[in-house]
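Following the hints, put chains Y and W in place on chain A, whose structure we already have.
Next come the chains, spelled out residue by residue.
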Amino acid sequence: MITPGSKYFFGLTGLSLIAAILYMVLVNPSDLGAVALFGLASCGAVIGAMALFTRDGDVYTDEEAVAANAVAGPPSFWPIVFALGGAIVLTGLATVSAVFILGVAVLIGGGIEWAIHNWADGASSDHEFNKFARARAISALEYPGLAAVGLGIIAFLFSRVFLALSKDAGTIFFMVAAAAIFVVGILIASKGFMKGAVTVVVAVLAAIALVGVGTFAALSGERHELAVAAEEDHYDASHRECGEEKSKHYDHHANNTVSLRSAVTATIFVKDGKVYAEAIGMTKKVDTITIPRSNATSVMFRNLDEEDHRLVVNLGSVKVAETGVVEKVGTCTQLTGKNQEQVMTLTIPKPATEGEPFSFTVPGATGEIKLVVP
Amino acid sequence: MSTNELTLTPGNALDVAKGKLVVAPTQSLGAVRRPVNTTGWREWLFTVDHKKLGIMYGTVAFVFFIVGGVEALFIRLQLALPDGRILSADKYNQMFTMHATTMIFLFAMPMAAAFANYFLPLQIGARDVAFPRLNALSFWLFLTGGLILNASWFLGGAADGGWFMYAPNSGPVFSPSNGVDFWILGLQIAGIASLIGSINLIVTVLNMRAPGMTLMKMPVFTWMILVVQFLLVFSLPVITVALVLLMFQRSYGATFFDVSQGADPLLWQHLFWIFGHPEVYVLILPAFGIISEVLPTFSRKPLFGYPFVVFSGASIGLVGFGVWAHHMFASGLGPVSVAVFSMATMAIAIPTGVKIFNWILTMWGGKIWYSAAMKFAIGLVILFTIGGLSGVTHAVAPSDTQQTDTYYIVAHFHYVLFGGMVFGLFSGFYYWWPKVFGKMLNEKLGSWNFWFMVIGMNMAFGPMHILGLQGQPRRMYVWTEARGGEGLFNFGFWNMVSSIGSFILAIGVLFFIINVIKTTRNPERAPLDPWDARTLEWITTSPPKVHNFDRIPVVHHLDEFFHRKYEEDEATHTMKQVATGEELVRAEEAAADADIHMPGPSYWPLLLSIGMGVLGMGVIYGTPIMVVGGLIVLFSSYGWVLEPSVPDAIDFDTPSTDGHTKEITPVG
Amino acid sequence: MSHSVSPHTSEKAMDIVNNVKASSHRIRNSIATIFGLVALTGCATNAPQDTWQPRGENAQIINNLQWIVFPMAGVVGVLVFAFAAYTFWKFTDRGQPIPSQSHGKPIVEIILTIIPALILTVVGVFTFRGIFELAETKDTEMIINVTGQQWWWEYDYPAQEDQGITQPIISSGQLVIPVGTKILLRETSRDVIHSYWIPALNGKKDAVPGRINLLRLQADKPGIFAGQCTEFCGLSHANMRMEAVALSKEDFAKWVANQQKAYTPPADGTLAKEGEGVFLNQCIRCHQVNGLKKADGTPAIAAPDENVYSGAAPNLSHLMSRNTFAGAIFDLLNKKCRSDVWNASPETIGEKYLAGVSETCLNANDLRAWLRNAPAMKPMYADPTKLVKSGGKYRGMPNLGLTETDIDKLVAYLLTLK
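Protein chains in written order, with the numbering used here: chain A, 1 to 374; chain Y, 1 to 668; chain W, 1 to 418.
Chain A on its own, in the form it takes in the complex (with noise of 0.2 Å):
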């Protein structure tokens, strides 16, 4: 026979399959959306089997009618949480969809607490028992579910203050935050040798800290600058603007140090306004560098001279299709500083056309390094 707990899920079960085909028929088949409603009535299903299979987890008992003289269990807060996800379900179905989400959430963990309190309620008339039954059956989601929400948390506080500080100020704070950890870690480490009051009363702080600035960073939001450049896409190549001044979008916070070093083929300098070039395995400085068609190569930039500059790579031009003008092709680095560098990376298709060979300039500076692609 159907239990009442396993019937509770086997309707869930029921009633999320029906969504999920009145989603595909309405909506989009191969949407995620039919996947998760799919998902719902497995997990529906599955737990609906197990409620089933243990016969609500019903315990072998002597005597059923000694349960009506057994003194009433502690009152429970789950219904209430249960009611307060309903509403949050209704609120989110008004407003923002993370409400809903959350809503949601709280209705799944609510209702399973709900469910399991009650089965342990009946477990016996020990409540000591019914406690240990209820921890037994239920602290094998409870934990990793807690622990899952909490570092959730902890995670989506910190990256919301790293992208409202500025770069330098955030190498700051994670290094406070870090030394923070590591002494609340040692406090709580060394419970035995300090008052439980002063670990708790650290932990609380530290908790209050982070949520209240986690929240006033969120609510502050992201740098400037990357808001600007997500909006505007401004490191798409056709935006850049490969003159000898600073870019508005393109320079700025320009990438000053490269991390590889091994596998460019060429490194172009510019000292003291004139350009040169060396190549990996030539002893000499070169006047060309040689890439071989189709082949994605890497040339190094490196400002040795006072002012800024950036390397430009000139691959002759082009007549545009539709509009008939003629472009030039190239691309550029961002400027860089004294002693810095950049690296491009091209790919070319085609060798040089007659009359339009390709070269690396750097404006500003004199002297060009010519480009061959066989």
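FYI, nobody ran anything at the bench for these hints, they're computed from the structure. Mixed in with the good hints, there may be bad ones.
As the list claims (entries may be wrong) - Calculated lysine-lysine pairs in the DSSO-like style (CA-CA distance at most 30 Å, straight line):
id, chain 1, residue 1, chain 2, residue 2
1, W, Lys294, A, Lys319
2, Y, Lys217, W, Lys105
3, W, Lys294, A, Lys328
4, W, Lys105, Y, Lys367
5, W, Lys254, A, Lys370
6, Y, Lys444, W, Lys90
7, A, Lys285, W, Lys418
8, W, Lys138, A, Lys285
9, A, Lys350, W, Lys386
10, A, Lys274, W, Lys138
11, A, Lys285, W, Lys261
12, A, Lys285, W, Lys386
13, Y, Lys576, W, Lys105
14, A, Lys370, W, Lys294
15, W, Lys389, Y, Lys91
16, W, Lys138, A, Lys370
17, A, Lys370, W, Lys261
18, A, Lys284, W, Lys182
19, W, Lys90, A, Lys350
20, W, Lys418, A, Lys350
21, A, Lys350, W, Lys254
22, A, Lys370, W, Lys182
23, A, Lys319, W, Lys393
24, A, Lys284, W, Lys261
25, A, Lys370, W, Lys293
26, A, Lys271, W, Lys138
27, W, Lys90, W, Lys138
28, A, Lys319, W, Lys293
29, W, Lys249, A, Lys284
30, W, Lys386, A, Lys328
Stated by the list, open to error - Pairwise CB distance ranges, derived in the manner of DEER restraints:
id, chain 1, residue 1, chain 2, residue 2, range
31, Y, Tyr252, W, Lys352, 55 to 63 Å
32, A, Lys319, W, Asn46, 52 to 60 Å
33, Y, Ser88, W, Gln60, 35 to 43 Å
Stated by the list, open to error - Covered by chain W, per the in silico footprint, the following chain A stretches (three or more residues, Cβ under 8 Å):
id, stretch
34, 296-303
35, 351-358
Glycine is no exception: its CB is placed at the ideal position from the N, C-alpha and C atoms.
Structure of chains Y and W alone, referenced to chain A:
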């Protein structure tokens, strides 16, 4: 018992007092029941007994040995003649990839696990491993991984990028079929199995040794297995990372190894070989451990220099983490790195040499009995030395730039892996068969087995040294006469000799299979101590009872069993026998422990493995399947956690008090 | 005698043991002899890729090291086997009592550890020196860029006035170098990792995409030296070959002059001119011939970047000055001419090589078969229905469906690319 205290013991019931209810906790506190100990196939499916798992590991590993061997025979058939037509280029690339992958991950590692599973608890005087259900999980995950890997043959083609699977060639564009995905998933799942097993065995060795067995009184086999588990714990995560990166690149569009996006292809090589080099020590050290038991037993004297052998094993393991880039001497690392790794690789030859000398010196002054097990053990000593010396020639990095990626390297590693590891495993088969199955493998067939394998092996792999030095590269589906040289002893000659040798080798393996079949049908039982052995696993019946030892032995010496049988005569300084093996086992039975508690069987390891398999297939065939697989894994994990750790009273049959114990039905 | 085996069984066992033992050391001895012979016979052939026949100073450095390590390993091996064989014979069970249970002698252990350590230290010193000698690049005299691609090699020679190269040269398959010159190869790859190996001249070095790896070559005397790609690079890894052709300095100058000669279109009205038309129709999509002009007079620039996944195909300028094609797996010379050139003595090989491929010497069979259906001759990914993963681009030369007359024309045209 006060109302505030609650003590629950198996089979107990709370007292009925003050209207309380009677509760039988074992029946209520699990969400599901544990399986009852039945006989038949269900006993094997749900077992957590290390001995049954060891037998299953060994059987499946041997099947994969045959699979890998057939793949090798195809390769040799293709290469016997120039411009061979037996296999197309695509099939050949799949064949050599799967041959290596199968042999290393599905035969060698699991066969060592088979021996470790069966004998490590017995050798340290324990009744099982520390985490029996995890042990079962290791086996079922290995089987799942092996099946997924080989399913690729039928589902669009096997992996074809070489067992080392260098990126970018293994990326989605250059290896478009699903083969590499199957390879990744099969290895990931099998890797989880090994990692779980390694933690299990480390905890077992460190915590469950018999009283009196200090670390330096453990048998060498146990020591080598312990070192191997540490190697696995530190090297498997690296390959896991590499496989995850490649999986994300192939299945989800990541660009970890995509050069046009700024990646460095050498990343894969470093990650792979940081795992790959300790891996080869994972492969050989168990075989070293096995022959460190066999050689003393059949020389009738203890291992020469036990502490040196143990420490050299440990130092091989440690230094083994510092030599990985000797697989990359031609990759463009730069002379400084090359020099450092070259020197380190030479250094690692020294502890290996120590072991070889110790083994020979063990036999020096002994009373050598050339049983089949001993022949294989001696075979390992000689053949591994050849392989090791050729290894020293490629520790010299400039010389290696001529040898790497040629058949010279193939010769080297087949000598150390086949002549070393496989011979060690066969030695273990012949040595321990009577203990595991209660019957002795036929010695005459064993001799045929040995000689065919030795001759076949040398014929198959010896010429490869010459082929490599003559310039035949490896991983090529054809070789041409234009590159083959003139004269009698050219590519054609040596390739033909090698191919014929491989078939002779196959016949040798066939002799072993015939031996097993013949032994299984032979009703004659083996004596309890046929080899006059030295270590604790022989103080048990053949096969051992479910609970291994009737009484946990107290250990006073290294080679405890030998010391219980023999004492030194003060006057003549010769060894005098004071007890036989049978007498010692009967004595243990008479003093059997009461209340032996053994772990009960469980469904969940099998179910979880099935779930992992489905999850893996979902990576290839679509997210809905992944979701289903994930749910099965989740469900199984919770079932595992929620099942009672206390088995029902009917699960296990404790020895009765009248001295009779129920023996399990011998297998085979 | 063991105690737990019955006397009857143990007698039989001892018989078997004695027989086996007696034959075992005989067999062992004969195996040792065979090994010795084998080692000698290994030297008896002239395999083109033999690693013990150095023809240049880099390979010589390696060979010198080999002559230190291999004999050392051999001597150690023989000593260990002799010791082992003696042990097996002397301590066989002949009924002696169970021996005294010695646990080892630390002093012996220590000595046996120190001796190998000393030997390896000596080897290590020589190795160290060899590594740094081979890594020397400051005295390079000529640079050649090598680019590997599935499944062929491309070479380009940047302009180097002091070597007589005034404009960049591009070629594939056969790397032509002057003798006695320290050449530096700057290797890279367009797709996966390959490895450049000419055993007679040096060890191998991987060609890694995105990196430049350096390899030095120097040939002592003129000759053709065979090599193969030796890093698994996919389907046709076995079919990615090359040769290094060393010419005397005068011959090399002649070769450079030929490579730098301008393109001469075939005369109008000839079969070759029609072949040029077929080329401009079909082949130009991937293959470049420098100086070839389209019908309207503009330069014909090949577009392999649009058709081939890795973005390039062999440049066919001066094709007939090489004598292999398709990744050096097929000869452009027929059998007789080939053996004439390849087996020539160092004094005459330059002249013979520079003669190139003439109509009488052409291996028409293989060339025609290739043009007819390249994927049938060399496994490649060229089936237009199966190119989803590479975005519709070929990985190898497809079957162009050429008619026999087209092939006739093309062959005539290719013969003019001297």
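A quick look at each hint next to the structure:
1. W/Lys294 with A/Lys319: Roughly 19 Å separates the two Cα atoms, so the pair holds.
2. Y/Lys217 with W/Lys105: holds (18 Å)
3. W/Lys294 with A/Lys328: holds (25 Å)
4. W/Lys105 with Y/Lys367: Answer holds: W/Lys105 to Y/Lys367 is near 19 Å, not above 30 Å.
5. W/Lys254 with A/Lys370: holds (27 Å)
6. Y/Lys444 with W/Lys90: Distance of about 23 Å is within 30 Å: holds.
7. A/Lys285 with W/Lys418: Since the Cα atoms of A/Lys285 and W/Lys418 sit roughly 35 Å apart, the hinted pair is violated (cutoff 30 Å).
8. W/Lys138 with A/Lys285: holds (13 Å)
9. A/Lys350 with W/Lys386: Measuring from Cα to Cα gives roughly 26 Å; hence the hint holds.
10. A/Lys274 with W/Lys138: Judged against 30 Å, a Cα distance of about 25 Å means the pair holds.
11. A/Lys285 with W/Lys261: holds (28 Å)
12. A/Lys285 with W/Lys386: Status violated; Cα separation ~47 Å.
13. Y/Lys576 with W/Lys105: Distance of about 23 Å is within 30 Å: holds.
14. A/Lys370 with W/Lys294: At roughly 27 Å apart (the allowed maximum being 30 Å), W/Lys294 and A/Lys370 satisfy the hint.
15. W/Lys389 with Y/Lys91: Holds. W/Lys389 to Y/Lys91 sits at ~20 Å (cutoff 30 Å).
16. W/Lys138 with A/Lys370: holds (23 Å)
17. A/Lys370 with W/Lys261: OK: A/Lys370 and W/Lys261 at ~22 Å, within 30 Å.
18. A/Lys284 with W/Lys182: The given pair, whose Cα atoms are some 15 Å apart, holds under the 30 Å limit.
19. W/Lys90 with A/Lys350: Violated, at roughly 76 Å.
20. W/Lys418 with A/Lys350: holds (24 Å)
21. A/Lys350 with W/Lys254: Holds - the C-alpha atoms of W/Lys254 and A/Lys350 are around 29 Å apart, at most 30 Å.
22. A/Lys370 with W/Lys182: holds (25 Å)
23. A/Lys319 with W/Lys393: Holds, at about 25 Å.
24. A/Lys284 with W/Lys261: Since the Cα atoms of A/Lys284 and W/Lys261 sit roughly 28 Å apart, the hinted pair holds (cutoff 30 Å).
25. A/Lys370 with W/Lys293: holds (25 Å)
26. A/Lys271 with W/Lys138: holds (24 Å)
27. W/Lys90 with W/Lys138: violated (59 Å)
28. A/Lys319 with W/Lys293: holds (20 Å)
29. W/Lys249 with A/Lys284: holds (23 Å)
30. W/Lys386 with A/Lys328: violated (37 Å)
31. Y/Tyr252 with W/Lys352: 55 to 63 Å: Hint holds: Cβ distance 56 Å, inside 55 to 63 Å.
32. A/Lys319 with W/Asn46: 52 to 60 Å: Holds - the Cβ-Cβ distance for A/Lys319 and W/Asn46, about 58 Å, lies within 52 to 60 Å.
33. Y/Ser88 with W/Gln60: 35 to 43 Å: holds (40 Å)
34. 296-303: Satisfied; 3 residues make the cut.
35. 351-358: holds (count 3)
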